[in-house]
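Student: Using the sequences and the hints, build the whole thing.
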Amino acid sequence: MTMRLLCLNLAYVCYAAHHVAAFVGHRASIPSAASLRRGNEVATTSYSYINKSTRESGFKRLSRLNSDANNDAGKEDSTPADAIGGDLVTALARLDEKWELSRRADGGGKRIGEWTVLDLEDEDSSAPEIAYLLEPPSGAVPSCVIFFLGGAALGQFPHISYSAFLRRVASRTNAAVVAVPYEVGLDHLGIARRAMETVRKSVIECEDSRGYPPSLPKYALGHSLGGKLHSIGIAATGIGEELAGVGFVSYNNFGFAETITMARTFAKELKVGGGGGSGFGSGSTVAFDTLFDLAGMAVSAVGLEFTPSPSDTDRIVKTKFDEEVLKKMRMFCFEDDDLDSTERFMDCFDGQDLVPSVSYLPGTHLTPVFLKLGLDDLPEEAKDVASQVTGGFQNASFGNEETLDLLVEEVSDWMLGKGPNDRRAVRKQLTGIIDAEVEE
46 MTMRLLCLNL AYVCYAAHHV AAFVGHRASI PSAASLRRGN EVATTSYSYI
96 NKSTRESGFK RLSRLNSDAN NDAGKEDSTP ADAIGGDLVT ALARLDEKWE
146 LSRRADGGGK RIGEWTVLDL EDEDSSAPEI AYLLEPPSGA VPSCVIFFLG
196 GAALGQFPHI SYSAFLRRVA SRTNAAVVAV PYEVGLDHLG IARRAMETVR
246 KSVIECEDSR GYPPSLPKYA LGHSLGGKLH SIGIAATGIG EELAGVGFVS
296 YNNFGFAETI TMARTFAKEL KVGGGGGSGF GSGSTVAFDT LFDLAGMAVS
346 AVGLEFTPSP SDTDRIVKTK FDEEVLKKMR MFCFEDDDLD STERFMDCFD
396 GQDLVPSVSY LPGTHLTPVF LKLGLDDLPE EAKDVASQVT GGFQNASFGN
446 EETLDLLVEE VSDWMLGKGP NDRRAVRKQL TGIIDAEVEE
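Residue numbers for the sequence shown follow our numbering, beginning at 46 and rising by one.
Incorrect hints may have been included.
Said to hold, decoys possible - Once the Cα atoms are required to be at most 25 Å apart in a straight line, the calculated BS3-like pairs of lysine-lysine come out as:
hint, residue 1, residue 2
1, Lys373, Lys463
2, Lys373, Lys363
3, Lys463, Lys372
It is worth saying that the hints were derived from the structure and are not from the lab.
Tutor: Structure follows, in structure tokens:
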């Protein structure tokens, strides 16, 4: 494997290294949260958290749960893509650029069953603010709206990283999906605040410009860090009582030092294609392990932590998630996932009669991510970019379509009112059949 491809793989997963880069001086400014809160007095929607004073006081109350050290660490906003994304974000950004060019070539308007951009920028703000909208392939009025937040790094380009997952859920449930992109950073409170503001503006845009009825059921769905961000936003805004459901896939509430383990695991998954794909490279793990060990020592020496910290997040959840929210919640866990914090989340409600329901599935932390880059399937203008991303190979894939489909089915069933399943036995049964055939 070439050094360039090694760097690409590492950047793909090194969420922790993004923050280490911020520590060593690669921080830069992005639009402030205040600038993104402009225009709060515009038309109201069915969401009560539109009220400016209620929303801001909620985030202020949560911020007081953090220690002075954590508040100091989170004063600066998250770092931009060119500082923290490395080759991963650069590669995804270039694919996103080609996607945008293709969208504009087709007129840039509303296309049935395809991702479109919601431009949420205020007239008095120069800061770009967008969300990605996927409407039902049927072209009919959606039956509900899903507000999705992805995991770190991959969540910056949700319309690419999570497209297969979200398309399939939307198709099965006739749902519209609003995927909110975000850039990683230490200040999870600030990221959640901006994400909730994007959700608010998306609701207004869909109702005013696309004719969505205010009565449409609304779901919050998050993967990994996206689940933590949703939990912060729900706690701060009180939106949970108005949501039809809250779903967390591979909920993650790791501390900053633990993200080194997270990045190391991601790297190993990428090397084998996420359990089903061809992967994005192979070779010795020595370079990966050495870099992660060095990063771990640096983090321990500096004492960096997220805002809110894992313990503060637990306290927020315990305080703000009442029975009205808990009865709507579903956690989705994978059997081969060392990065899952669902058990910790459930411990927050230890001793209570009502707790979130849990679906158990075969798969890994990255099961919701399914990517297949085949040069023959891409438009001519995108082939050069895809060739660079795949290291010159004609095809590259990541993920396991079988486990992805089981997740899609379970999420869709939850939204349709069905109870949780333990589908881990499905993988074991299939393995047993294969083993039996081999023995014969």
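Student: Against the structure, test the hints numbered earlier, and report the numbers of the ones violated in rising order.
Tutor: No hint contradicted; all consistent.
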